[in-house]
Each structure stands twice: as C-alpha cells, then as structure tokens.
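Given chain A's structure and the hints, the job is docking chain B onto it.
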Amino acid sequence: MKTAMRNTYGETLARLGAVNKNIVVLDADLAKSTQTAKFGKAFPDRFFDMGIAEADMICTAAGLAASGMNPFASTFAMFASGRAWEQVRNSVAYPNLPVKIVVTHAGISVGEDGPTHQACEDIAIMRAIPNMRVVAPADSIETESLITYLTDEYAGPIYVRLSRMNTEVMFKPGHKFEIGKGVIMKEGTDVTIISTGIILRQAVGAGELLKKAGISAEVIHMPSIKPIDGDMIIKSAQKTKKVVTIEEHNIIGGLGSAVAELLCENFPVKMKRLGMMDTFAESGTPDTLFEKYNLTDRALAKAAEEILKNR
Amino acid sequence: MTSSHRKLDNVCAIVDNNGLQIDGPISEIKSSLEPIAAKWKAFGWNVIEADGHNQEQLLQAFEEAKNKKGMPTVILARTIKGKGVSFMEGKVEYHGVAPTEDEKARALKELGCGE
Chain A
211 MKTAMRNTYG ETLARLGAVN KNIVVLDADL AKSTQTAKFG KAFPDRFFDM
261 GIAEADMICT AAGLAASGMN PFASTFAMFA SGRAWEQVRN SVAYPNLPVK
311 IVVTHAGISV GEDGPTHQAC EDIAIMRAIP NMRVVAPADS IETESLITYL
361 TDEYAGPIYV RLSRMNTEVM FKPGHKFEIG KGVIMKEGTD VTIISTGIIL
411 RQAVGAGELL KKAGISAEVI HMPSIKPIDG DMIIKSAQKT KKVVTIEEHN
461 IIGGLGSAVA ELLCENFPVK MKRLGMMDTF AESGTPDTLF EKYNLTDRAL
511 AKAAEEILKN R
Chain B
46 MTSSHRKLDN VCAIVDNNGL QIDGPISEIK SSLEPIAAKW KAFGWNVIEA
96 DGHNQEQLLQ AFEEAKNKKG MPTVILARTI KGKGVSFMEG KVEYHGVAPT
146 EDEKARALKE LGCGE
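For the record, the sequence lines run as chains A and B. Its first residue numbered 211, the first sequence is counted upward by one per residue in the working numbering. Its first residue numbered 46, the second sequence is counted upward by one per residue in the working numbering.
If we strip away everything but chain A, and leave its shape as in the complex, we get (with noise of 0.2 Å):
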C-alpha cells in the first residue's frame, strides 16, 4: 500500500491540535502541498500563512517558540534550507529555540519539478548548525509517530525532512520513532547497508536481492541522521567489515558523510556511498531519476556486490 507522508503529517498535525491548544503550525504559501492547510483548517487561529516569505516565516515561528507556544513551520526542502538558513541558524538554532521545521518535497524523488526544486543538500547545511538535529523518517506510519514525538516531548530545534511522492508503507502499526535510534530491517553478517527517509524501501529490496545471490546483508534504516545512531552503526560494521550507504542527498555532507565521520574516527572498515554523486539532476519521474542516478535497489545490490569482491 502506498500512502503520502506529507498527508499524514497533516492529518496528525490536525489531530494533535485538538489536544494540544499549544501547537500554531506556519506555511509559506504552500499550504496544500505541504499538508499543514489541514491543520488551518481545524485551527484558523492558530494557523499563520506567511506568503511567499520564508525568512519572515522562520523568525516568525521563533518568536512564538520565545513565547511558549509550539511552532511547527514548513514549506518545501528546497526553501527551508536554502532561502531561510540564516533565519534557521541565528534565530532559531542559535537560542536553541523548540521550532520544529517540517519540510517537504525534499531530494530528487520531487520529480517533475526539477533541479530548482530539488535539495539535495539540506542534510548538509542543516547537521552543520550546532543545537540543529536531523531526521528523515521512511514511511507514514514512522512520520506519525515522528510528529506525536515532537509534539509531547521534545523542545528544541529540529529539521524533519519529507518527500513529496507516494510511498510504500514500511513498516507495521504501533512502530515508534526514536531520536538518535536506528532500525535494523533485517540482521546480516556480511554487509551493512544504511538508508535514511524513503529510500529504504530500495534498501529492504536490495537486502532480499543479495539473499538471493547468497549474501546476507544487514539492513539498517537511520531516520535520525543527527543525532546519529552510533552504537548500532559501529556494531554492525564491527560484524560486517563493510558498509555501503544511499540517500536521496548529494553525496557531500548527508547520511553517507555522517556515517563516515562516525567509522573513520572509531571502527574504519571499507565503504561506499550511494547518493548524487556531486551532480544535479533533471526533470523526470521520480523512478525514472532513481534509475539514472543509481539510487535503486538493483544499483544498491551491485554496490554492496562489488565492496565485497574487491576486500
């Protein structure tokens, strides 16, 4: 079953606010496709749309976390990273204020679009601000608890980071996202493969590829890119020796730069990382631009295939 992550974001947003009077959710005119329109309207009162002015949005939403309340402001991946980091980092990161920056549309899966709208480096820009933590959940499901997650308990800065496409549903009922947590999908001894966001389902599907050819990987989502799950990623690379990471990132600064800060400085092993390798891409459907971009679960298999011919 596929489903949008961005509309359960809505959906919960929209729930959580009838329990939660603390919760005010900003938009910079992109209310529809975000999803937050939903929340504006259940709660026109607390529901603020900011224009086309994402900078005035940010600062907005840190004077009402000043004030107490509970901000939560999105717009597309591309907006909130890019026309707003100043915004990001010295209004909000800076006095460490709880604004919870959901964006959507994030990576090459937004598609037809094209590169203007496509960030492929907010992983990047965001993990390097101090106080800043960074997370990419896969599903809706994850994305649920995600958000019930940041509305109950946690207070400080963070960037959530959605896509805009249909996705698979990964995982079961009654999952919960945990801050500074991985998943292990699948046990393994002879390679680990790491994903953030969507891009598990082709992690999950190049684990069974490899099981076919006599490989056993072991496979682990990272939805919390910052803080990062090291204990979970230096065991597995400990048992494996070797480790090959995807995201739907630039391969500069993301998941597979983050994992190799972390193994370098405490278990070095072999890697490869799967990612935009330094390039934009096109306009295309989002299969289209897996394809072409080496982000599929064929791509993933043949990477891991290759770490383990050439030890």
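Source of the hints: derived by calculation from the structure; they are not laboratory data. Wrong hints could be hidden among the right ones.
What follows is a set of in silico ranges between Cβ atoms, one per label pair, in the way DEER data are often shown [claimed, not checked]:
id, chain 1, residue 1, chain 2, residue 2, range
1, A, Ile262, B, Ser77, 20 to 28 Å
2, B, Met46, A, Pro340, 24 to 32 Å
3, B, Ile71, A, Tyr304, 25 to 33 Å
4, B, Glu79, A, Pro340, 35 to 43 Å
5, B, Lys149, A, Thr358, 54 to 62 Å
Just so it is clear, the structure is predicted and the values come from calculations on it, not from any experiment. The beta-carbon is built from N, C-alpha and C at its ideal position, and this holds for glycine as well.
Quick look at chain B alone, frame taken from chain A:
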C-alpha cells in the same frame, strides 16, 4: 508586510538612517534605496519622519505611533554617524572601527563626559 497584513498596531520599527553603508555613502553604493519613506508606505506602514538627534521629536513620534490604530508604525530617524564627536561625524569607517585610547579620550571630552 506581515505586520501590516495582520494590522499589528503595537509594532513600532525605527530606522536609524545615517545615509551611510559600510562601503560608502548610500548615494554611491545603492542610491535607489531612497526613497525609504515611500517604500514603507507601499508596504502598508504608517511612516513618521524625525530628527534622530531630537528627543522631543522622537517622543512625539512614539506618542503618534501609540495612537495609530490598524497599522504598524515606522519612525524614520535621520541621524549623523558619530554625532557629537568632530572627527567621527559622518565618517564611514567608524561603523566597525574601535577608537584608539587617544581617540576615546578626545571623544569623551567632546561629548562632555569627564574622565
């Protein structure tokens, strides 16, 4: 635009307009920054112009701002950078340059602040 759109009449902005940017006078660096008043008006603000060194004018402007309903107010305060210190007045370089000990002593003397 958000303040005017939401009719935030308890918001009062102050523009300290000394006519200088860091790299030089506004007239040389980006002359089309003027007219500033017309720009704020176009964004839906109540605009009050005042001499930024005249306390009476400023107090009157704040009073007007307080009484203005339905829109935010901006006070465009005309100022002179380094006002009151002869060797600093109108000098672009004093944006970010700290005075030397000697300059500090001279400045304090000119401002009537004893050692």
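Quick rundown of the hints versus the structure:
no.: 1; hint: Ile262(A) - Ser77(B): 20 to 28 Å; in the structure: holds, 22 Å
no.: 2; hint: Met46(B) - Pro340(A): 24 to 32 Å; in the structure: holds, 31 Å
no.: 3; hint: Ile71(B) - Tyr304(A): 25 to 33 Å; in the structure: holds, 29 Å
no.: 4; hint: Glu79(B) - Pro340(A): 35 to 43 Å; in the structure: holds, 39 Å
no.: 5; hint: Lys149(B) - Thr358(A): 54 to 62 Å; in the structure: holds, 58 Å
The structure meets every hint from the earlier list without exception.
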